[in-house]
Amino acid sequence: QKEVEQNSGPLSVPEGAIASLNCTYSDRGSQSFFWYRQYSGKSPELIMFIYSNGDKEDGRFTAQLNKASQYVSLLIRDSQPSDSATYLCAVNANNFNKFYFGSGTKLNVKP
Amino acid sequence: EAQVTQNPRYLITVTGKKLTVTCSQNMNHEYMSWYRQDPGLGLRQIYYSMNVEVTDKGDVPEGYKVSRKEKRNFPLILESPSPNQTSLYFCASSWRDTQYFGPGTRLTVL
Chain A
29 QKEVEQNSGP
39 LSVPEGAIAS
49 LNCTYSDRGS
59 QSFFWYRQYS
69 GKSPELIMFI
79 YSNGDKEDGR
89 FTAQLNKASQ
99 YVSLLIRDSQ
109 PSDSATYLCA
119 VNANNFNKFY
129 FGSGTKLNVK
139 P
Chain B
54 EAQVTQNPRY
64 LITVTGKKLT
74 VTCSQNMNHE
84 YMSWYRQDPG
94 LGLRQIYYSM
104 NVEVTDKGDV
114 PEGYKVSRKE
124 KRNFPLILES
134 PSPNQTSLYF
144 CASSWRDTQY
154 FGPGTRLTVL
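From first to last, the protein sequence lines stand for chains A and B. Once you know that position 34 of the first sequence is 62 in my numbering, the rest is easy, because the numbers rise by one and skip nothing. Once you know that position 35 of the second sequence is 88 in my numbering, the rest is easy, because the numbers rise by one and skip nothing.
It is worth saying that the hints were derived from the structure and are not from the lab. All of these numbers come straight from a predicted model, not from anything done at the bench. There could be a bad hint or two in this list.
[As the list claims (entries may be wrong)] The calculated PhoX-like cross-link candidates involving lysine-lysine, where the alpha carbons are at most 25 Å apart (straight line), are:
hint, chain 1, residue 1, chain 2, residue 2
1, B, K110, A, K30
2, B, K70, A, K126
3, B, K122, A, K126
4, B, K110, B, K124
5, A, K126, B, K118
[To be verified] Estimated spans, in silico, between C-beta atoms of each pair:
hint, chain 1, residue 1, chain 2, residue 2, range
6, B, L72, A, G44, 46 to 54 Å
7, B, G93, A, N136, 13 to 21 Å
8, A, S80, B, S133, 25 to 33 Å
9, A, L103, B, E106, 41 to 49 Å
10, B, N60, A, D86, 28 to 36 Å
11, B, Q56, A, N136, 26 to 34 Å
[Claimed, not checked] Partial list, computed: chain A residues near chain B (C-beta under 10 Å):
hint, residue
12, S36
13, F62
14, L103
15, G132
A virtual CB, placed ideally from N, CA and C, is assigned to each residue, including glycine.
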């Protein structure tokens, strides 16, 4: 079983819609959760991190964490074509120095 | 400009020929890490370093070595590369929970 699971997609949404990206993780002791965006041919860049159960908002992005269900999600409101990328979920395990990444969900935002 | 640099960006080599991929950061970060990215498998951590002379294994360390003699540099060494090490490699340095990734090194081992 992989440490972090994501649906590979592609997820297609029209411009202006809400994109919902999901991630599950296996280690109940995980402490920190991250969403990265990776454009094709580029390196990952951090969008948000979340530590506590609930929602965390940053501009058009909202991260949601449910530790009981071992579930993390990222909502992108008012999706733009420039949001088209692969979104990587990452988890900082019990050992704070180790990071586990999902394989990513490809998002296509259609104009 | 704050950045993580990697060299070379592209490398084609043959099985068994030792190689080093360099990584350097100018942000004075203590934590640095190496990842490989393969289709369908995502990013997998190879090694990480908490500080100078402090390194530890990540998820997939077999076939790789690292050293951290200076804070800014964290080279990745493949003593005897094999075709299954063909991959896209990323170095990252981090401050608190924010990891900054280098541009990547695409390695092909024939």
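Quick rundown of the hints versus the structure:
With a CA separation close to 18 Å, the supplied pair K110(B) and K30(A) stays within the 25 Å bound. Straight-line distance between C-alpha atoms of K70(B) and K126(A) comes to about 29 Å, which puts the hinted pair past the 25 Å bound. With a CA separation close to 21 Å, the supplied pair K122(B) and K126(A) stays within the 25 Å bound. Restraint check for K110(B) and K124(B): satisfied, since their Cα atoms lie roughly 18 Å apart, inside the 25 Å limit.
Straight-line distance between C-alpha atoms of K126(A) and K118(B) comes to about 17 Å, which keeps the hinted pair within the 25 Å bound. The hint said 46 to 54 Å for the Cβ distance between L72(B) and G44(A), and at roughly 48 Å that hint holds. In this structure the hint that G93(B) and N136(A) lie 13 to 21 Å apart at CB holds, the actual value being about 18 Å. For S80(A) paired with S133(B), a C-beta distance near 46 Å fails the hint of 25 to 33 Å.
In this structure the supplied range 41 to 49 Å holds for L103(A) paired with E106(B), their Cβ-Cβ distance being about 43 Å. Checking the proposed 28 to 36 Å range against N60(B) and D86(A) shows it holds: the Cβ atoms sit about 33 Å from each other. Distance hint for Q56(B) and N136(A): a CB-CB separation of about 29 Å, consistent with the stated range 26 to 34 Å. Hint status for S36(A) relative to chain B: holds, with the closest Cβ pair at about 7 Å, below 10 Å.
Taken as an interface hint, F62(A) checks out: its beta carbon lies about 7 Å from the nearest beta carbon of chain B, inside 10 Å. At about 20 Å, the closest approach between the beta carbon of L103(A) and any beta carbon in chain B exceeds 10 Å, and the interface hint on this residue is violated. Checking G132(A) against chain B by beta carbon gives a least distance of about 6 Å; that is within 10 Å, so the hint holds.
Consistency with the previously given hints fails for numbers 2, 8 and 14, ordered from lowest to highest.
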